[in-house]
Amino acid sequence: MFGMTALRRQHRRMREEGCIPSCTAFPMAFPTATSLALGLVAALTALSPASARDLPKTVLQDPYGSSMWNDHQIHLLGDPAKIEFDDRVIVRAPVSAEDPFEVPVMVDASALEGVEEIILSVDFGPIPKILTYYPGKAEPRLAFRFKIDQATPVRASVRTSDGVWHIGSTYIDAAGGGCTAPAQAYASDDWEERLGQVRARSWPESGRVRLIVDHPMDSGLADGIPMFIVEDIALQTPEGETLSRLTLHEPVDEDPAFTLHLPQEHLTRDIQIYGRDNNGNEIEAVLPAPVVQ
Amino acid sequence: MNGRQSVSRRRVLGGLAASVGVAAGGYRAAAKARHSYDLRPQEVADGIWMIEGAPEYFTTANGGAIVNCAIVETEAGLVIVDTGPSRRYGEAFKQALLQLSGRGIAEVIITHHHPDHFFGNQVFADRPIRALGETVRQCELHGDGYADNLYRLLGDWMRGTEWIAPSAEIAPGSFSVGGRIFQAVPLKGHSEADLALLDERTGTVIAGDLAFLDRAPTTPSADLDAWRESLSALEAMQAAAILPGHGPFDRTGESLRQTRRYLDWLEDTLRTAANDGLDMVEVMDLPLPTEMAQLGAAEDEFRRSVVHLFPRFEEEALPQLN
Numbered sequence: 001m002f003g004m005t006a007l008r009r010q011h012r013r014m015r016e017e018g019c020i021p022s023c024t025a026f027p028m029a030f031p032t033a034t035s036l037a038l039g040l041v042a043a044l045t046a047l048s049p050a051s052a053r054d055l056p057k058t059v060l061q062d063p064y065g066s067s068m069w070n071d072h073q074i075h076l077l078g079d080p081a082k083i084e085f086d087d088r089v090i091v092r093a094p095v096s097a098e099d100p101f102e103v104p105v106m107v108d109a110s111a112l113e114g115v116e117e118i119i120l121s122v123d124f125g126p127i128p129k130i131l132t133y134y135p136g137k138a139e140p141r142l143a144f145r146f147k148i149d150q151a152t153p154v155r156a157s158v159r160t161s162d163g164v165w166h167i168g169s170t171y172i173d174a175a176g177g178g179c180t181a182p183a184q185a186y187a188s189d190d191w192e193e194r195l196g197q198v199r200a201r202s203w204p205e206s207g208r209v210r211l212i213v214d215h216p217m218d219s220g221l222a223d224g225i226p227m228f229i230v231e232d233i234a235l236q237t238p239e240g241e242t243l244s245r246l247t248l249h250e251p252v253d254e255d256p257a258f259t260l261h262l263p264q265e266h267l268t269r270d271i272q273i274y275g276r277d278n279n280g281n282e283i284e285a286v287l288p289a290p291v292v293q
Numbered sequence: 001m002n003g004r005q006s007v008s009r010r011r012v013l014g015g016l017a018a019s020v021g022v023a024a025g026g027y028r029a030a031a032k033a034r035h036s037y038d039l040r041p042q043e044v045a046d047g048i049w050m051i052e053g054a055p056e057y058f059t060t061a062n063g064g065a066i067v068n069c070a071i072v073e074t075e076a077g078l079v080i081v082d083t084g085p086s087r088r089y090g091e092a093f094k095q096a097l098l099q100l101s102g103r104g105i106a107e108v109i110i111t112h113h114h115p116d117h118f119f120g121n122q123v124f125a126d127r128p129i130r131a132l133g134e135t136v137r138q139c140e141l142h143g144d145g146y147a148d149n150l151y152r153l154l155g156d157w158m159r160g161t162e163w164i165a166p167s168a169e170i171a172p173g174s175f176s177v178g179g180r181i182f183q184a185v186p187l188k189g190h191s192e193a194d195l196a197l198l199d200e201r202t203g204t205v206i207a208g209d210l211a212f213l214d215r216a217p218t219t220p221s222a223d224l225d226a227w228r229e230s231l232s233a234l235e236a237m238q239a240a241a242i243l244p245g246h247g248p249f250d251r252t253g254e255s256l257r258q259t260r261r262y263l264d265w266l267e268d269t270l271r272t273a274a275n276d277g278l279d280m281v282e283v284m285d286l287p288l289p290t291e292m293a294q295l296g297a298a299e300d301e302f303r304r305s306v307v308h309l310f311p312r313f314e315e316e317a318l319p320q321l322n
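Sequences listed follow chains A and B, in order. When we follow my numbering, the leftmost residue of the first sequence carries the number 1, and every step to the right adds one. When we follow my numbering, the leftmost residue of the second sequence carries the number 1, and every step to the right adds one.
Honestly, the hints are just simulated from the structure, not real lab data. Hints may be right or wrong, so weigh each one.
[Claimed, not checked] In silico DMTMM-like pairs for lysine to aspartate or glutamate, Cα to Cα no more than 25 Å straight-line: (1) A:57 <-> A:84; (2) A:82 <-> A:62; (3) A:137 <-> B:235; (4) A:137 <-> A:173; (5) B:94 <-> B:75; (6) A:57 <-> A:192; (7) A:137 <-> A:231; (8) A:129 <-> B:282; (9) A:137 <-> B:75.
Taking the hints into account, I'd like the entire structure generated from these sequences.
And the structure:
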């Protein structure tokens with residue numbers, strides 16, 4: 001028996017050699033007995049969805065051996081040619097999600113130079129993309145929380161200015177935790193008044209900003225509740241220069257909380273916080289520079 | 001009452017028959033089989049037994065037998081306090097009871113709505129199962145979610161388990177079962193409703209999960225201030241002994257003091273971390289002081305508590321800007 005990996009490798013080699021445009025009509029292209037046998041195997045495997053998919057330009061050895069990573073490499077990241085799993089991208093999360101509505105994750109790519117973009121995603125879940133962070137003037141480090149649907153690898157895909165994608169991963173088991181409770185969205189009467197409220201504070205000595213935005217962050221997957229999420233959050237200088245920027249997707253948790261790391265010089269001045277949700281509600285707040293004692 | 005006694009008498013006979021099997025070694029053999037609970041009631045006070053749970057978190061090794069259950073003997077039969085995490089646990093529990101008394105089971109009382117305390121209920125469904133009204137509501141609200149989780153965490157240990165909520169409300173105050181007088185004390189803080197049960201004959205308080213000893217307290221439904229108030233109320237009862245929800249039988253009141261120290265430390269740690277600007281993942285990494293690290297399941301429970309409680313302290317630490 002061929003293992004799936006061996007088959008895929010073989011399939012891929014044949015594609016690279018230009019023998020087969022795709023796995024359809026494959027047996028007809030090979031008249032020899034050997035290739036007929038290969039064709040039969042490939043045709044059989046074509047019945048399973050996995051082998052019907054295209055492989056990415058660069059096939060990686062996924063440390064978690066996930067059946068979905070190749071797909072995400074193509075569809076989330078645009079099938080980049082230069083891509084690698086890289087231990088310098090640290091992704092940290094609890095091994096098990098105690099509360100599936102509030103899973104904390106921390107990504108640290110500060111060992112890399114020239115980080116332009118960090119995409120956080122899960123391999124398994126109805127909406128794989130969690131958020132994109134454009135650190136700009138900030139360090140390429142971020143902590144936040146998201147909603148998890150099942151046990152899954154969590155990926156931080158980090159694009160550096162040389163166009164290379166560096167992937168860091170961790171694995172979260174969402175099977176356990178016990179005693180989880182469903183989110184009580186809209187349980188309070190005042191959620192509309194609190195919508196878009198910003199809580200934030202900076203710690204110039206450690207170069208961090210923490211930020212919480214009050215928002216239900218409805219994924220659109222709950223029965224009868226349409227998608228309602230904050231899509232953009234930006235930090236700016238008083239002059240309007242963007243320091244760093246986040247675009248959020250459905251899996252980000254209710255009342256999202258972020259930890260960002262900015263050079264001290266930016267934290268000794270006011271920081272403007274701007275955001276917008278998909279219903280056009282604007283979020284606007286000023287984080288004042290801490291009073292020097 | 002007569003009806004109940006005649007049922008009890010039938011149970012005596014059934015119990016005797018089963019005891020023969022137990023005496024012949026069937027129980028021990030079964031204990032070694034896969035997915036079989038080895039429950040051994042220990043007499044801790046006059047007519048009170050306790051089945052002590054492992055000071056651990058739910059695992060496929062312990063089958064969720066991490067909880068303490070209590071058994072109190074009365075003239076009308078046994079009063080069972082809490083029923084364990086699964087149908088199989090309930091069945092093993094019932095089997096173990098046959099060795100204690102021929103009088104059968106008078107009634108079941110549930111201290112609070114967490115699944116390790118009430119998921120054995122179905123085995124005792126022919127008896128009254130009583131709890132505080134709020135506990136009944138919480139069981140109904142969370143039962144399905146808890147079941148999902150326990151099936152995932154414990155696998156085949158849970159086979160055949162169907163949760164049922166307590167069937168009747170217990171009124172606060174004094175009540176008597178078979179001549180034995182109890183006080184039902186409604187408290188809260190570990191969960192939305194926590195029942196403490198005082199046995200007047202021995203002065204023992206069956207404290208449910210308001211009291212932990214040598215095992216880290218759990219906080220998925222906790223209100224820390226209310227919990228501390230409940231600890232004060234329990235201290236004021238000056239019990240002869242405390243039967244905690246998790247951990248060994250306590251003859252000195254240490255479970256109440258230790259639980260309070262833990263809650264104080266937890267709150268202080270989380271508040272300080274929020275004011276220092278730490279994120280959840282970093283808080284989970286904080287080293288535990290020696291006293292807390294020695295408690296059973298300490299690291300697991302601390303990390304879980306960070307998820308349960310940290311957002312509240314974050315909100316406190318970050319000023320509102322708009």
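Against the structure, the hints come out as follows:
For a cut-off of 25 Å, the pair hint linking residue 57 (chain A) to residue 84 (chain A) stands: about 12 Å separates their Cα positions. Proximity of residue 82 (chain A) to residue 62 (chain A) is assessed by CA-CA distance (about 15 Å); at most 25 Å being required, the pair is judged to hold. Under the criterion of a C-alpha separation no larger than 25 Å, the hint pairing residue 137 (chain A) with residue 235 (chain B) is inconsistent with the structure, at around 56 Å. Of the supplied pair hints, the one linking residue 137 (chain A) and residue 173 (chain A) is violated, its CA atoms being roughly 34 Å apart against a limit of 25 Å.
Taken as a hint, the residue 94 (chain B) and residue 75 (chain B) pair is honoured in the structure, with Cα atoms around 18 Å apart against an allowance of 25 Å. Of the pairs offered as hints, the one joining residue 57 (chain A) and residue 192 (chain A) is violated, with about 47 Å between alpha carbons and a cut-off of 25 Å exceeded. Distance hint between residue 137 (chain A) and residue 231 (chain A) is fulfilled; the C-alpha atoms sit about 20 Å from each other, no more than 25 Å. The suggested pairing of residue 129 (chain A) with residue 282 (chain B) holds, with an alpha-carbon distance near 24 Å, which does not exceed 25 Å.
With a C-alpha separation of about 76 Å, the suggested pairing of residue 137 (chain A) with residue 75 (chain B) is violated against the 25 Å cut-off.
Consistency with the previously given hints fails for numbers 3, 4, 6 and 9, ordered from lowest to highest.
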